[in-house]
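Chemist: Construct the entire structure; sequences and hints are all you get.
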Amino acid sequence: MMGSGRKCPDCGSSNVVEDDLYSQPQLVCTDCGSVVSEGQLTTTRSEEVQGTIVRYSQSTAVDKQPCRNQIKGLKRVRALCRILRLPPVIEETSESLFAQAYESTDFLHVSLPKKETLAGCCVLLGCRMQGWPVTMGTVTSLLDTDSCLMGTVYKMVVSTLKLESPHTNIMDLMEGHCREYHLSPPGVPEEFCESADRLASRASALVELASDTWLMTGRHPVPVMVASVYLAWLSLKPSPARLKLSLGRFCQMAKVAVPGPASKRVTELKEVLCRLGQELPWQKGAVVSPQKVAALVGDVLKHRISLLKRAIRSHEDALAMDSVSGTEGLDVANTPSSTLPLSLCTDGVAPICEDLPIGSSPCSEGQPDFHQSQLPTPHAEGCQTVQSVRDSEDVVVTATGSAKNPEARGEPARGSAEHWGKRHPFVPPCARNPSKKPRLAETGPEVTGDEEISDSEIEGYLRTPLEMREFAETQMKLQSDSY
Amino acid sequence: MKIDCVCTSWYASVRTLRPDSLMEANNDVALDIIITNVVSVFRTRCHLNLRTIALEGSNVIYKPEVGKVLMKLRKPRITASIWSSGKIICTGATSEEEAKLGARRLARCLQKLGFKVKFTAFKVVNVLAVCTMPFHIHLIQFTKNNRPIASYEPELHPAASYRIKNLKATVQVFSTGSITVTGPNVRHVAMAVEQIYPLLFECKSTMR
Numbered sequence: 001m002m003g004s005g006r007k008c009p010d011c012g013s014s015n016v017v018e019d020d021l022y023s024q025p026q027l028v029c030t031d032c033g034s035v036v037s038e039g040q041l042t043t044t045r046s047e048e049v050q051g052t053i054v055r056y057s058q059s060t061a062v063d064k065q066p067c068r069n070q071i072k073g074l075k076r077v078r079a080l081c082r083i084l085r086l087p088p089v090i091e092e093t094s095e096s097l098f099a100q101a102y103e104s105t106d107f108l109h110v111s112l113p114k115k116e117t118l119a120g121c122c123v124l125l126g127c128r129m130q131g132w133p134v135t136m137g138t139v140t141s142l143l144d145t146d147s148c149l150m151g152t153v154y155k156m157v158v159s160t161l162k163l164e165s166p167h168t169n170i171m172d173l174m175e176g177h178c179r180e181y182h183l184s185p186p187g188v189p190e191e192f193c194e195s196a197d198r199l200a201s202r203a204s205a206l207v208e209l210a211s212d213t214w215l216m217t218g219r220h221p222v223p224v225m226v227a228s229v230y231l232a233w234l235s236l237k238p239s240p241a242r243l244k245l246s247l248g249r250f251c252q253m254a255k256v257a258v259p260g261p262a263s264k265r266v267t268e269l270k271e272v273l274c275r276l277g278q279e280l281p282w283q284k285g286a287v288v289s290p291q292k293v294a295a296l297v298g299d300v301l302k303h304r305i306s307l308l309k310r311a312i313r314s315h316e317d318a319l320a321m322d323s324v325s326g327t328e329g330l331d332v333a334n335t336p337s338s339t340l341p342l343s344l345c346t347d348g349v350a351p352i353c354e355d356l357p358i359g360s361s362p363c364s365e366g367q368p369d370f371h372q373s374q375l376p377t378p379h380a381e382g383c384q385t386v387q388s389v390r391d392s393e394d395v396v397v398t399a400t401g402s403a404k405n406p407e408a409r410g411e412p413a414r415g416s417a418e419h420w421g422k423r424h425p426f427v428p429p430c431a432r433n434p435s436k437k438p439r440l441a442e443t444g445p446e447v448t449g450d451e452e453i454s455d456s457e458i459e460g461y462l463r464t465p466l467e468m469r470e471f472a473e474t475q476m477k478l479q480s481d482s483y
Numbered sequence: 001m002k003i004d005c006v007c008t009s010w011y012a013s014v015r016t017l018r019p020d021s022l023m024e025a026n027n028d029v030a031l032d033i034i035i036t037n038v039v040s041v042f043r044t045r046c047h048l049n050l051r052t053i054a055l056e057g058s059n060v061i062y063k064p065e066v067g068k069v070l071m072k073l074r075k076p077r078i079t080a081s082i083w084s085s086g087k088i089i090c091t092g093a094t095s096e097e098e099a100k101l102g103a104r105r106l107a108r109c110l111q112k113l114g115f116k117v118k119f120t121a122f123k124v125v126n127v128l129a130v131c132t133m134p135f136h137i138h139l140i141q142f143t144k145n146n147r148p149i150a151s152y153e154p155e156l157h158p159a160a161s162y163r164i165k166n167l168k169a170t171v172q173v174f175s176t177g178s179i180t181v182t183g184p185n186v187r188h189v190a191m192a193v194e195q196i197y198p199l200l201f202e203c204k205s206t207m208r
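Read top to bottom, the protein sequences are chains A and B.
Going by the numbering used here, 255 is the number at position 255 of the first sequence; the sequence numbering is gapless.
Going by the numbering used here, 122 is the number at position 122 of the second sequence; the sequence numbering is gapless.
Please keep in mind that the hints were generated in silico from the structure rather than gathered at the bench.
On a predicted model such as this, the values are computed, not experimentally measured, just so you know.
Each hint should be verified, as a subset may be incorrect.
Below, a list of computed lysine to aspartate or glutamate pairs in the DMTMM-like style, where the Cα atoms sit at most 25 Å apart [stated by the list, open to error]:
1) A:Lys72 to A:Glu92
2) A:Lys155 to B:Glu153
3) A:Lys264 to B:Glu155
Modeler: Dropping the structure here:
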């Protein structure tokens with residue numbers, strides 16, 4: 001509305017302004033309203049100035065259309081959900097997770113395999129959020145991708161969408177897992193047939209026992225499941241024919257893949273079962289061999305809790321006997337009920353180790369921590385002797401390291417080499433048999449970082465002229481030989 | 001190299017976690033934090049001819065496909081990756097001081113080889129330490145108590161990982177009680193151990 005330097009021919013006022021009528025530029029007098037001059041009504045595209053600031057695509061596009069990969073990814077999500085026969089809730093959840101993740105900046109410039117894996121990760125996350133049991137291995141094999149890539153993308157999705165990834169309940173997985181085993185008449189001899197339900201219930205009990213005795217924590221769940229199914233199958237009908245069949249042959253017969261660590265898990269489970277089997281009253285303390293333990297599995301599982309109690313008590317008695325014979329004048333009379341494990345002091349309801357979200361409540365935290373008395377004070381005392389005070393910038397640990405219990409204080413000589421794992425009957429296997437040497441702090445030279453460096457120290461790292469010549473000659477020879 | 005680190009406040013906070021019935025005098029626990037690796041970088045502010053270093057230096061491995069030279073020092077035991085731009089990364093030291101000494105030795109070595117080296121911009125970028133708790137740990141309870149900072153996927157990795165944002169440290173917790181801590185320097189690593197000890201103590205298991 002700038003005033004142009006013109007005079008209105010009608011009234012003579014100089015108050016003439018530009019006032020366009022739609023696309024026709026006009027000069028109009030504000031006093032009398034007459035049109036002083038006007039431009040062309042129709043103009044070419046290049047002459048049109050108005051309406052060119054906003055891009056065409058921006059003004060006409062209503063919604064952003066998903067790109068081709070996103071559409072493919074959504075189709076893949078739907079296909080996975082149909083294959084796994086997931087309920088519609090999970091399908092919708094997975095689709096929305098995929099859309100959110102795909103459109104976030106973290107997945108903007110990501111490689112195509114990762115985008116393909118993203119579909120599977122969203123399905124897995126959707127299943128976990130709704131409590132549907134699916135293992136990562138299943139989804140990995142369906143996508144035919146690498147398990148490392150799957151793990152990476154899964155963690156990226158969880159952190160991008162800021163969600164919590166609930167753990168899969170292994171007991172839910174168990175039933176589905178047992179149905180995969182082909183142990184019914186047509187393909188398998190009568191002797192080896194077993195119903196999936198019986199197998200599932202026995203294997204679940206074995207998995208619970210494994211989790212109670214620290215065989216599950218930190219381990220991949222699938223090998224433990226395979227091991228427990230195998231042992232369950234052996235124990236349901238411990239005939240010589242069955243006992244002869246190894247894990248590998250069993251899995252081959254049942255048409256199931258053998259995961260690598262499964263045989264180790266079988267050994268560990270058998271060891272635990274032997275130890276518990278030994279406590280059965282009718283065994284009268286006789287040692288049970290792993291070959292013969294299958295027959296006792298049913299009884300062991302039935303009386304699991306009391307057998308665990310007895311095993312712990314007898315282990316403590318054995319330790320007490322050792323300490324009495326080892327050091328004299330020691331009052332070790334009190335290996336009392338106070339050293340019983342927490343969960344076994346409850347009202348007899350089957351307590352489960354927390355390493356699996358099996359569904360029963362974890363050990364009550366209200367009870368005092370009895371096993372404090374058995375904390376590895378010898379270890380602490382051993383450390384105390386090694387303790388060294390470094391420079392002024394270091395501060396000293398409040399590491400007097402002395403025992404919590406009066407009687408443990410009286411066992412100084414016994415302990416520094418003994419690992420705390422030996423004091424408990426059921427610990428993670430690597431803690432029980434620490435085959436590696438305990439990691440000791442290497443007391444290197446006391447350095448400040450600013451010391452003088454003498455020439456002699458450096459000369460060792462430089463070649464002499466003779467060596468250099470020889471090296472160069474050898475290199476040339478090697479090169480000429482290769483040509 | 002073992003460091004002894006403390007804070008009376010940490011000790012006090014640990015004390016308050018324990019039930020009074022078990023609080024006796026002198027029931028302290030020593031924790032050895034063993035530093036296994038210190039990674040540091042520095043710049044020489046001059047171009048380095050990698051072929052010359054490969055020819056005239058001993059204990060060197062030349063990798064032309066990557067464009068770097070690996071040089072190993074004996075004392076302190078350090079491996080250095082040397083790039084022609086003059087940027088050098090040293091790994092393998094067991095303390096910050098050792099890392100500095102090793103880096104200076106290396107710079108001196110390069111000086112002897114004829115380069116106009118200046119030892120500048122030395123910085124410790126990563127410290128890896130291990131520590132063992134005298135108890136084993138319920139990983140699932142630990143994860144539940146510390147969501148969403150802690151994450152545990154047994155199908156992927158046997159340890160639960162806990163990221164401390166303000167210290168930029170990551171702690172990996174194993175069920176056997178061992179933890180590995182990575183952080184930008186030793187002080188942060190020590191603080192991370194102090195911070196995580198009470199959380200681990202809550203989830204400890206001494207049963208079975």
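Chemist: Determine for every hint whether it applies to the structure shown.
Modeler: Tested hints:
no.	hint	verdict
1	A:Lys72 to A:Glu92	16 Å, holds
2	A:Lys155 to B:Glu153	9 Å, holds
3	A:Lys264 to B:Glu155	17 Å, holds
The structure is consistent with each of the numbered hints, conforming to all of them.
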